[in-house]
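Sequence order for the protein chains is E and D. For the working numbering, add 5 to where a residue sits in the first sequence, where the first one is 1. For the working numbering, add 517 to where a residue sits in the second sequence, where the first one is 1.
Keep in mind that a hint or two might mislead.
No farther apart than 25 Å at their CA atoms in a straight line, the calculated lysine to any residue pairs in the SDA-like style are these [to be verified]:
1) Lys-544/D to Phe-617/D
2) Lys-77/E to Ile-971/D
3) Lys-949/D to Ser-117/E
4) Lys-113/E to His-878/D
Read the hints as simulated data drawn from the structure, not as lab findings.
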Amino acid sequence: MNFPILSSLILLPSIGALFLFFTKSDKKNNFTGKYVALFTSAVNFFLSIYLWILFDPTTSEFQFVEERIWIKDLINYKVGVDGISILFILLTTFITPLCIISVNNSIKERLSEFLIAVLIMESFMIGVFCSLDLVIFYLFFEAGLIPMFLIIGIWGGVRRVYSAFKFFLYTLLGSVLMLVAIITIYWLNGTTDVVKLYNSGIDIKYQNLLWLAFFSSFAVKTPMWPVHTWLPDAHVEAPTAGSVLLAAILLKMAGYGFIRFSLGLFPAASEIFTPLIYTLSVIAIIFTSFIALMQEDMKKLIAYSSVAHMGYVTLGIFTIQQQGIEGSIIQMISHGLVSAALFLCVGVVYDRMHSRLINTYGGIVSIIPKYSILFMLFTLAALGLPGTSGFVGEFLILMGAFKDNFLVAVIASLGVIIGAAYMLWLYKRVVFGKLINTDLKQMFDLNRAELFILSCLAVPTLFFGFYPDPLINTIEVSISDLIDQYNFKLASKT
Amino acid sequence: MENLQLVLPEIFLSLSIMFLLILGVFKKNSSRLVQSISLAVLIVTAVITFNETIGINETKLFNNSIIIDYLSSLMKIITLLAAFLVLIISSNYLKTFQIFKIEYPILILSSVLGMMVMINSNDLIVFYMGLELQSLALYVLATFNRDQIKSSEAGLKYFVLSALSSGLLLYGCSLIYGFTGSTNFNVIANQLNSNEYALTFGIVFILVGLAFKISAVPFHMWAPDVYEGSPTSVTLFFTMVPKIAALTVFIRFLYVPFLNLIDQWQMILIFLSIASMLFGAIAAIGQTNLKRLVAYSSIGHVGYALAGVAAGTNDGIQSSVIYITIYILMNLGLFSCLLMLKRDNNYYEKIDDLSGLSKNHPMLALSLLIILFSLAGIPPLAGFFAKFYVFKAVIEQSMYFLAIVGLLSTVVAAFYYLRLIKIMYFDEQKEKYDTDHGFWLKFSLTASTLLILIYFIFPSQLIEVVSRINII
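Okay, chain D solo, but in the shape it has when bound (with noise of 0.2 Å):
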């Protein structure tokens, strides 16, 4: 066999994860112990990462099915550290509900697998098997407080409409491997003059598909629900990392097999861009539930990512790249906020229950500001920089329409920021909450705000870590 230590990771991480569902099922009480191997198999995952791909050269294998390059490499160590942050600051909010249980970390686990599955792909199949491995896993994470009637109606709804996308994207993968002959990336793009227009069919069918994974309008109805329904720490999760790899995916999928008919997918991907971003944050104006208000959030920071894929260039996806490393950044931090909220076993999670934070908890309050204020793109914050990119990505391509949507969206999204930060600097203080936090949710607070802040002082630090990626 060739090569099979570049799949290490995917290795490694499968026998994990059937090692702790035999521990979990064979061991009572197991679940602390289930949660401190998983996050050592997050961690030891990403190193081998580390040590065994990033400085190789493209390789494809399994019959060119399986691609390790940069991009991949980079991509998967960005969600296993996701993966291990959000993994790592959740137990106490399952505890607090005595959801504390072995499947939820082995549930996390099957997820990244399938992820680290769909950012590897290279043909259509591959992604497809990932993206449903990630999915299952992601429905019941959903449901996983299922005494509420919230969580399971969260979990259903995005069964069911994600396998209605799901359907819709392998219409479009049987729709490619029709006109081509080949589900692979590079057989595609070598058969593409004869049909350009029938695999624009193919192409349409499978952006639907992929633009409900990474919730980007119009095809965001589930995530208000699901986002709101589900656990906060679940929620955290689906926030952050399903959109690395889906964004992966994206890149992957219209720049090797498709960049030549970019004029036909540039106008889509602008379209989603654009509504995205003006969606979400019109959206959120008038949102009162804080998890909601995120999902809206999360719903336009989508649409300035994918505003860096359709610029078409090298430039425009290593943008895309830096922006959802820094929005994961700073969900992190908001959603450590979010899980301090806590009094008396009860989590709070309306937009009120912020009054006068700033007054009660000053050192929280100080930090939620400065993530929102970064959230919202105020420089010298790093989400400043984020957006920066993006937009000199986008306009560098002359599409300068984009460009002041984009811009002229961050004005109105500005408003709900402002609007937190009003509410929790200029209202009347409420009761307190608990301060007995974690140490790792207290860590990921801390450490989030500060890298937000002073990134100003090294910005060339991410740059340079992605300016190695490349496609074109």
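Here chain E stands alone, though its shape is the one from the complex (with noise of 0.2 Å):
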């Protein structure tokens, strides 16, 4: 069969939004563009199950590969997921619909634009995750920058303006010398096609310096400690659905980015700099995690855990274990539920209340019930309650990283200690105590679109929490395999 499945992924959101974008939609009433937007994304997301199922788990090729040729005799066109990416595409396919369904009470002017961009936004993820040769890889990784920009800075809060140039010349900076990395690869091998790198290998002169030029990227976009300031301000000034996808999908392009390259690629340089990784992400966990114990602002508080998790995610990525990158690859799927849950919780708080401020709220259980019961949960998977997706990835990051590095993991075991206990005070603070602030008697409880969003998120993080196997026989074959590969590189010294 030769349907292009994945470039009908990355296509179809665009057109999805180019039919947008010549659709008039009068003022009052904007679900014709809104129905238009969800149908897409949702016919992605059943695109993306198709992709599912037909793939086959037992192999670690890359499967339903396109190749094009693109530039002559320069670039190729090619697209192709294994175990490692298709989780994330799903992720990606997953979460756009929800965002789309939340704008009715966030986004009050200028709905199909923004409907636009999260369009947009989504087929340039899905291209992330699927592009198997550098340079196209570097184009979607750089152009979701625009969309995100605007919809930071169109539809943001009161800062906005500062948080989405800040957001955006931070990430540019750090891409750049991906940028020449990626050409300087082009020189020294003559391709930048990811399949025939990984065969032939990178010459271990050159793999310190490039590896470092990845890592300037990565690191801010994962954020890692200490160029993560960034995250907090957008993550605050974004609108709803904005967080939903820089936390859920956008925080992902860069741990994925460490996986099938910097450990694909540059497995020498990898091994030299695993310390320093380890000292990043073990400050991470336990810097921010103390940071985010202290924060006024609900949305802040979560930007800042945001931070301590995708601590754990490259902690677990370059223990290279088994256990600790399954872990983290299914650490950032659950931290993209979660995540996103938990902004949309502050979402529908604020959306009643307008105030982000964590001393605005307290005892609102008896308000709103049903809202406590789903904020609950995702406040337990937050903190990796067992049941729940988040214990899955952290508890086999942690065990990857014994297995590595004994005092490493001790310290990041210590960090769940503190991750409980920001997000536990936060509940405390937010739902229960004494109802003082008397204008939260007025809040009604979830709206039937709210519970379907919240509902939607809440299945799959208990789900993978009790029975993560269908997310691991994904991936295992795809990482073996990476490791065996990065362990034979190491040995013969390429």
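Since each chain sits alone in its own frame, please combine them into the complex, following the hints.
Now the structure itself:
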């Protein structure tokens, strides 16, 4: 069967966006545009489910590969998926429709433009996760900046301009060095095709610098301490749907990049720089957890917790253990679901009270019980309670870490405790306690759309918490092969 | 006479200029007619150039003082088309200021003729003649809105500084003549070995003159003032057309006679390139006038184009040509937007005048958004590919420092492009602008925006066009 399923996944949201662009939507009733966007992204989701069903998890080869001449003698358009990337594609196609449903309350003006930005974003993100050529990867990786910049800048909060600029310039600065590295790889090997590069390996003399150039880009995107400062700003000012996209999908590009490129292309350098990653990850886990503990703003707290969670991810990746990398991927998927849900939860109360400050709330459990239950579920998932997907990821990562470096693993485990502390404290202050602010009494519970979105996120969070096998089965072979390749290249010094 | 048809474009163009001059004098109120004929002349010249010279092998004429090859034909065609577009979209602007006169198209044609001579030149004298012809026309064009003091100031400033740089250039030419005994590029190339160091002086002086013409740092001082003071349509011409010719001369002059002295001039070019990229990016941040901002941005872009020339390979030259082509396209779109910021016979050129443009004129704002992101070099727009090719050529020569500085300055430059986008999209709206623009203005904006947007679908075509350039 030669249906170009991956290209369809990439193109479909863009076509939807184009369609929206030419649809005249009258000001009061924007339903047409919304349904178009919802329909496109839903179709894309089912297409990606279909992809998952067709996907053969018993091989680590790239599947559904499409290759076309793009720039003659220079770059081929090449896409394909393996066990590592397919889950991210699913995550993207799953989160986007939920984002589109959630815009009901938060986006008041220029709705169709917002939806266009979200759909184009989806296209780019899927492109990032399935491109098998470094230049194509870079193209999608960078292109995502444009819609996100606009989402933060146009529909954001009070300090939106500052945040949008910070987001854009930080990430661009990180990425340009990666471009130098990509061109250098082309010059060294005569190709930017990832599969060919996997086979041929990269000259060991250049690996360290190339690794650092890629690292500068991924570290900013992840974000790792100390270049994480753009994230809280961007999250706080972005509209709810923007925060969701940012937390659930954008941050995953870097984790994916670390696995696919840093480990895959530069094993020797990865081995050398593992202590660096360990140090930064552990600092991120401990340090940002403490910062999160002190936040007054709910969104900022969750943003810092994201940094800490991504610290686990980078830690897990560079353990180069089966469990560690599997854990990282599951942690990323879980974080995608949970942080998305948490931002939506904040969005729910923000839409009603127009405040994100923790001390505005308190004692809302009796007023909006449904909300409180779901919020509790995601709080517990975020701190990694067994039975939620957060646990599986964290547990596997720590297991991998214990195999590799005992001290790092112990410190990282301590981070779990602080993580529990800030999440529970947040929940306690917002939901329990005395009802002091009487305005809160006017709050109404979740409406149908919100309930639907949060339930959609709750189901996989719980399901994969109890039964992570579908995820692990998908990624297992690809990762064990990646590690074999890694060790083989390390042994043969290429 | 040998192969006279190869210089037919130049002959045709000069005859047309003379004819138009006479026509303009004898026929009253003929500015419209002269404009239309000039447009036709540009197109016909481009067609002649395409037909007569694009396919032929390298040929030298008139005692080897003129060279016709693929590079010169291609650059002439680009020049002619760019001039055509400038001329066609400037008529409304000129009418508003009541300077829609016969001299305008004729001056543009003469400067284009000068550029074509420059592009063809294989001899220092011919090159200098072409340069002066185009410069003299440009001085007058800068002052074209002579009732405005700023325009006169711009022209005078340009004249004085440009004359100085021409003097330096001529001095360099005389040095080279003195040490090699010839003005012909090929003869010079054979005389290199004996006087390497003395010739370097000559190269430096000529490079200074050329850097001035292309407004590379540190010889850029005139650009912001002249760009701001000149009528907008002339600024558009300045930012696009002379740069093509100057870049060609850069390539021809450095690669034909002085390829063996590459160690001497490469450092100078790298310096010019780095200084332009950095200065263009940093100085633009504080600007409040759009035309001044464009001036600094064009200084920066010249830096990138020179980076390709500095690479010292065919790949580098090709990437420069690609860069300048895409740059012209982006600039055309940018200025089309500027020419649309018109209300009650007044053109607005402050940055704040863009405020809230996205609410009043969503399509205009969207086009400008795409153009600005492309100028900033964000993929997947055309501007990214332009930079990509240049840096590919540069890194292949292991010039990492140049590449890294260049890419870092794109980040700085991104800041001021983003600022414009911020003003358009995030700020409060102001009064609406007129929407009754001419067809060609709309056309050039739409066409350039679409080309920038969909370039990534067909990136091979442009590469194929330039891949036949073969200098070394």
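Hint check:
Restraint check for Lys-544/D and Phe-617/D: the C-alpha separation of about 15 Å stays at or below 25 Å, so the hint holds. Straight-line distance between C-alpha atoms of Lys-77/E and Ile-971/D comes to about 17 Å, which keeps the hinted pair within the 25 Å bound. Note on Lys-949/D and Ser-117/E: the hinted pairing holds, with a Cα-Cα distance of about 22 Å set against a maximum of 25 Å. For the hint pairing Lys-113/E with His-878/D, the CA-to-CA distance comes to about 20 Å; that is within 25 Å, so the pair holds.
Every hint, counting from the list given before, is met by this structure.
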